[in-house]
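Chemist: Listed below, chain by chain, are the residues.
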Amino acid sequence: MDLNTVWFALIVVLFVGYFFLEGFDYGVGILLPWLGRSDQERRVLLNTVGPHWDGNEVWLITAGGAMFAAFPNWYATMFSGFYLALVLMLLALIVRGVGFEYRSRDGSRRWRNTWDWLIFVGSLLPALLWGVALANLVHGVPIDAKMNYTGTLWTLLGPYGILGGLFAVLAFTLHGALFLALKTEGELRDRAVGTARRVGAVTTVVAALFAVYSYFATDLFQKPGFLPGLLVVVGGLALLAVRPMLDRGRDGWAFVLNGVMIVAAVATIFLGLYPNVMISSLNPAWNLTVYNASSSPYTLKVMTIVAVTLVPFVLAYQAWTYWIFRKRIGVRERLIY
Amino acid sequence: MDLNLLLARWQFGVTTVYHFLFVPLTMGLSVLVAILETLYVRRGDMAYRKLAEFFGRLFLVNFALGVVTGILQEFQFGMNWSDYSRFMGDIFGAPLAVEALLAFFMESTFLGLWIFGWDKVSKSLHAASMWLVALGTTLSALWILTANSFMQEPVGFVLRHGRAEMVDFFALLGNPQLWVEFPHVIFGAYATAGFFVAGISAYQILRGHHPDLFVRSLRLGVLFAAVFSLLVVVMGHAQAVHLVSAQPMKMAASEALWKTSPDPAPWTLFAIPDSANQRNYLEIQIPYALSLLAYGRLSGSVPGIAELQQQAVARYGPGDYVPPVGVTFWSFRIMVLAGVLMLILGIYGAVLMWRKRDLGARRGFLRLLVWAIALPYIANTTGWLMTEIGRQPWVVTGLLKTANAVSPTVSALDVGLSLGLFTLLYAVMAAADVYLTLKYVRLGLESTEAEAAPVVGVEPGVGV
Numbered sequence: 001m002d003l004n005t006v007w008f009a010l011i012v013v014l015f016v017g018y019f020f021l022e023g024f025d026y027g028v029g030i031l032l033p034w035l036g037r038s039d040q041e042r043r044v045l046l047n048t049v050g051p052h053w054d055g056n057e058v059w060l061i062t063a064g065g066a067m068f069a070a071f072p073n074w075y076a077t078m079f080s081g082f083y084l085a086l087v088l089m090l091l092a093l094i095v096r097g098v099g100f101e102y103r104s105r106d107g108s109r110r111w112r113n114t115w116d117w118l119i120f121v122g123s124l125l126p127a128l129l130w131g132v133a134l135a136n137l138v139h140g141v142p143i144d145a146k147m148n149y150t151g152t153l154w155t156l157l158g159p160y161g162i163l164g165g166l167f168a169v170l171a172f173t174l175h176g177a178l179f180l181a182l183k184t185e186g187e188l189r190d191r192a193v194g195t196a197r198r199v200g201a202v203t204t205v206v207a208a209l210f211a212v213y214s215y216f217a218t219d220l221f222q223k224p225g226f227l228p229g230l231l232v233v234v235g236g237l238a239l240l241a242v243r244p245m246l247d248r249g250r251d252g253w254a255f256v257l258n259g260v261m262i263v264a265a266v267a268t269i270f271l272g273l274y275p276n277v278m279i280s281s282l283n284p285a286w287n288l289t290v291y292n293a294s295s296s297p298y299t300l301k302v303m304t305i306v307a308v309t310l311v312p313f314v315l316a317y318q319a320w321t322y323w324i325f326r327k328r329i330g331v332r333e334r335l336i337y
Numbered sequence: 001m002d003l004n005l006l007l008a009r010w011q012f013g014v015t016t017v018y019h020f021l022f023v024p025l026t027m028g029l030s031v032l033v034a035i036l037e038t039l040y041v042r043r044g045d046m047a048y049r050k051l052a053e054f055f056g057r058l059f060l061v062n063f064a065l066g067v068v069t070g071i072l073q074e075f076q077f078g079m080n081w082s083d084y085s086r087f088m089g090d091i092f093g094a095p096l097a098v099e100a101l102l103a104f105f106m107e108s109t110f111l112g113l114w115i116f117g118w119d120k121v122s123k124s125l126h127a128a129s130m131w132l133v134a135l136g137t138t139l140s141a142l143w144i145l146t147a148n149s150f151m152q153e154p155v156g157f158v159l160r161h162g163r164a165e166m167v168d169f170f171a172l173l174g175n176p177q178l179w180v181e182f183p184h185v186i187f188g189a190y191a192t193a194g195f196f197v198a199g200i201s202a203y204q205i206l207r208g209h210h211p212d213l214f215v216r217s218l219r220l221g222v223l224f225a226a227v228f229s230l231l232v233v234v235m236g237h238a239q240a241v242h243l244v245s246a247q248p249m250k251m252a253a254s255e256a257l258w259k260t261s262p263d264p265a266p267w268t269l270f271a272i273p274d275s276a277n278q279r280n281y282l283e284i285q286i287p288y289a290l291s292l293l294a295y296g297r298l299s300g301s302v303p304g305i306a307e308l309q310q311q312a313v314a315r316y317g318p319g320d321y322v323p324p325v326g327v328t329f330w331s332f333r334i335m336v337l338a339g340v341l342m343l344i345l346g347i348y349g350a351v352l353m354w355r356k357r358d359l360g361a362r363r364g365f366l367r368l369l370v371w372a373i374a375l376p377y378i379a380n381t382t383g384w385l386m387t388e389i390g391r392q393p394w395v396v397t398g399l400l401k402t403a404n405a406v407s408p409t410v411s412a413l414d415v416g417l418s419l420g421l422f423t424l425l426y427a428v429m430a431a432a433d434v435y436l437t438l439k440y441v442r443l444g445l446e447s448t449e450a451e452a453a454p455v456v457g458v459e460p461g462v463g464v
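First to last, the protein sequences are chains A and B. Quick note: the first sequence uses my numbering, first residue 1, plus one each step. Quick note: the second sequence uses my numbering, first residue 1, plus one each step.
Okay, chain B solo, but in the shape it has when bound (with noise of 0.2 Å):
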């Protein structure tokens, strides 16, 4: 491979994980946020104004890092994929500029509103100026899952001109790929912010900081966990339905089915891929499981790599046409363990609170829930990674190769500086990322007058 698309490849791959560790948690606490908020203005209860205040801190810290790197993530389809951008311009642009139209405007409108409007405007409307920051980044994962989702699986379109034009912008929102992913991705980021709400709220019960209040924000976060961990457990299975027609070779990759599998297929649980000779290792299998997963049925075989392979060569000349399987496979088994282990969690904590059980008291659960707060976060990192490496050698299914969307005139130089300048400012960034979430974290709710206090003859301010 050239070096110069090499590095393009891995500055898309660290800029876009990276952007995605803060995506998915500020989608899903705004909307927790805007739901605490709104118990407060509808019952005058001060915990929780405290708690909305709390977790927005936190939601803020972290909204700031996902919206700087989502304009490095705009601008990179040009700067690094000059002749995608040629190629696909006429239907990935589109939806583009609509995420900014529609989300992004009002995403940073209502969110410079809410942090500076504590005083300025009524309660209701303050609160309401939360939800619409939640609309607006759920709108804006719409949009940018549609253009996404194009280039899984193209539709509403012709060759024209030596490029992809749109036809039919309403095939691109009907797109089925759109809504299995869509859904699996927002409830993956409500499910994030679940669990994030759930362990801080433990962590806080646990050092007997305010439990009586945490207790709240722990039930909320439960309940939240719980639910979205189910549905995107469901989404992730009807997805899963669909990849076995819709990118065979990316089921297959992620799969090691090197060879065409038995009716009805087996599951492979554990093995060690071995690319240069098309077989795996230590191959542990489930029966029937992967016919269950692949068709929801106890039957039915699931075509192998070698086959695909040969059908793509048949269909658009020579070439290699398999994905990186190790990744796809171990990335794939990760995150299902990852979304497996939040469903039970979640499920446990919603049936004590359905007994009527106190939460607060089961200090081995709360524990857990500290710690899990990595799992959302593993989950959606190697979702995206088989999502996307699975799906290479193409960067548009069946019309457009990576190795043909890089920029011609980008140097491996200039690559390989940009990305040396990126990783070490979003290292520093996560540095200061961290620090901060930490900080708020300790000082819990005493923690808007914390903010204030180095400013000598001013009242601490409500609100950031």
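Here chain A stands alone, though its shape is the one from the complex (with noise of 0.2 Å):
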């Protein structure tokens, strides 16, 4: 493998762990004001992501460091093309980070209130218009031979692009119904797993319509080899066990298991794009590959050896804040926050 395929393979670690992680905690910001019913409920609920979501976006991040430093014209076209949604992204991702922290340091009704619905679109956004990107660089969108976008944001907004965004929005608010139903306790576990439910039957309805339609609109199925399809296989296998394992009570199965839906499902877009990295809908000679938008062979192994070492610490000590944090939180603990 040259180091073109291990950066992008890299690349594709990253946003499998951003949206494995901060799926959860966009789906508990989406579910906070209809959940939390009480002021103390949302605390629970906001307590449950609070020491986390932090650290997952970094991933996000990260990811976006990659890209600019291992895939420059990835970088460079991707995130000047789709300009006003990024925009919009970073709006919702700027009122959504305040709202973590601001929301609870004013006891009055209103500021709650303000704040809280501001996490919900704050955390609908991001989840909707990822989806959105993802799904249009698997489509392919007009770039031309300079490598620049020419489409505008309703380009993007396509019956493909939109369906995309709406599995996305639905994944992540299972996961993070399914995360609460792991780390809450009493009624509030119990509308959590209800809310999981509901939200289950309707996700995997939106997750079969948009492999169907892939199947149509992208070349996704048509790559050969077979990993891509197994992915597929082993994904909707997955969500389809989500129900069963909630059904029996083991959370923490249930919890993982969509987790690997939403791993397969990035996973299957990632491997299917390779070894483009966009593609143009204009002319496949403009397609940005792994090898024209990257980085000097230089640069991508200096890159390497930074991963390489700093990684593994990166991995170990997130896990380790995941294991202080491991309990159940009820709406009899002291609160903070």
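Source of the hints: derived by calculation from the structure; they are not laboratory data. Some hints here could point you the wrong way.
To be verified - Taking lysine-lysine pairs in the DSSO-like style, the calculated list, with each CA pair at most 30 Å apart, reads:
| id | chain 1 | residue 1 | chain 2 | residue 2 |
| --- | --- | --- | --- | --- |
| 1 | A | LYS146 | A | LYS301 |
| 2 | B | LYS120 | B | LYS50 |
| 3 | B | LYS356 | B | LYS259 |
| 4 | B | LYS50 | B | LYS259 |
| 5 | B | LYS259 | A | LYS327 |
| 6 | A | LYS146 | B | LYS401 |
| 7 | B | LYS439 | B | LYS120 |
| 8 | B | LYS259 | B | LYS401 |
| 9 | B | LYS120 | A | LYS327 |
| 10 | A | LYS327 | B | LYS356 |
| 11 | B | LYS439 | B | LYS50 |
| 12 | B | LYS50 | A | LYS301 |
| 13 | B | LYS401 | B | LYS123 |
No experiment lies behind these values; they were computed from the predicted model shown.
Relying on the hints, combine the two individually framed chains into one complex.
Modeler: Okay, here's the thing in structure tokens:
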């Protein structure tokens, strides 16, 4: 495997980590105003992700930095091309992050309600927009010979892009509900389980629709080799197994299985993309690939050494903090924030 | 200038200056909070824990804005400056990625542990996590300034395939510009936090709110303010000396030195630069001072704008290579003035402490300290304005002009829209930040109890 492929794989790993981890805290944010009926319940919901959401978001920051370092043309084309979508996402991430930090810092009902809704919107929009963005990556977007995107925001919002966005929102909402089922207790947990059942049913239907649409709209399934096909099957089966696990009270398994589905979906999309990183709908010769979009071999080598040295430490201490905060949280607990 | 370029520059300027209102404070304040908490752990004195919690809360309110505005900074290069990203990605991306891997993960993970871990981990581990946050923020500054230093002074690269490619990673880290810029920024950040802590402690003492406790953080803050104001001035001088050889045009612009100076060079204390006619009005000059500033001795002439412009044309072809002189000149002077005032106040406080005077009883000095909180903010902002505007028309000195760096396909309408939205949102966030900061300062040490009050039936949480 050459270093270009290694870096493609690393960026996929970063995106997979980002969607798996921040997927559930987006879900919790989306469910916050609906599941939390009292101020106290909302504090419980927020505290389940409190110690983790910021660290989860760094997966996105790192993925962005890695794209810039390893594939500057990909970074430049995608982020200037999807300009307004990114502006919306950044506005959302800003109000969301500030919301987490500020929402409980004033006692007034209006203050807290406002931030709760901003956290909701701030979680919903990035989920939606990442779904739209990934769908468009495999579907292809207008890119000219100079590697510049020539479409608009509306180009991205075609039916396939919208369906991708909807799928992402549902998958993350389910992920959040399952995480809450795992991390809360009492009535709140029961409500989270109920929500997971309902959202799970809709997610399954939309996931199937998205898979079928992908078959016709992209070449995800026409790719030689069985890996993407196998991943789709694994992802589908994992999603179908969420409900039985939930019925048996195996919250941990239900959460992990939905996580497997998210990982499989993201991996399928990126594997289907490879060796391209962006597909031009105007001319296949104008596709961005892991070769024409990449940095120099020297930079890739330096970055590989850095990543191999640092990533194990990051994984170790992040896993360790999840272990420290492993207990369920209830309304009677001493609540911080 | 094209409208989309102009708007993209405004957006970068507005969002960067705003981001940097929060960053220096939190970089320095994490160290001060870590020191306060360590004192609590070592001595078992609850007073220090209360102080650590109090300043920790102010730290968190400001840290949140630093983090969320930082995300925009990272993506903005691709969004608004895609041709810059293509040209520079091979070099600029690497430090940015290392920053995320090495610094942001550490910062965010251990801050989460610090906020929620008061009862879950041991006291020393809890204090250690704030030290790791402080280490993370400092490393973050090192890597982002590695990238910025390359823009001021490109090293360790070749031009190949129509872009700058890295050939020596360690040259980037050994960039002479980095080793005058990084200490200057770091010391400035620590001085900022010193004045912040000193000023707020002074305010609490003035209104008789736990003066016995706040006099301790006051002393710590004054000590930080004194030591780091001195160091920041020393490094600022080193940077100026380096500037004359590395970026003489920026030096000339920040001095409004239209013609090459006589030897020895006088320093212009005050002037109204007139770019159109390349001359100054109402000049007040101090003999010898520019030679001293530029070379550290009482002789030597400094090259002027006209001569440097000629050299640039000979080297890079026809064009205007003069940065906006008025802004560069005045931001430099305001920065220096603020820095000198910081130094005087800091040293005065340190001398009082040295002579074992009761700082808490010097009400006039305490009042000054409250107002002095603004000084480092002024210095930080104007310092960056001078650095970045003084580099124009280059975005990467000698390699890429700002006009050639902008995204070609992002319309002025798009940029205008995003500039408006970000400005509006940032203003609202600033209002919320100031509101909460003032609220916590007013509540003082009782803010822990006040925070959990509206929730009935729950014990007040420790910590946040």
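Chemist: Against each hint, give a clear statement of whether it holds in the structure.
Modeler: Now for the hints, and whether the structure bears them out:
no. : hint                   : verdict
1   : LYS146/A with LYS301/A : holds, 27 Å
2   : LYS120/B with LYS50/B  : holds, 18 Å
3   : LYS356/B with LYS259/B : violated, 51 Å
4   : LYS50/B with LYS259/B  : violated, 58 Å
5   : LYS259/B with LYS327/A : violated, 71 Å
6   : LYS146/A with LYS401/B : holds, 19 Å
7   : LYS439/B with LYS120/B : holds, 28 Å
8   : LYS259/B with LYS401/B : holds, 24 Å
9   : LYS120/B with LYS327/A : holds, 11 Å
10  : LYS327/A with LYS356/B : violated, 50 Å
11  : LYS439/B with LYS50/B  : holds, 17 Å
12  : LYS50/B with LYS301/A  : violated, 48 Å
13  : LYS401/B with LYS123/B : violated, 52 Å
Violated hints, listed in ascending order, are 3, 4, 5, 10, 12, 13; each of the other numbered hints is respected by the structure.
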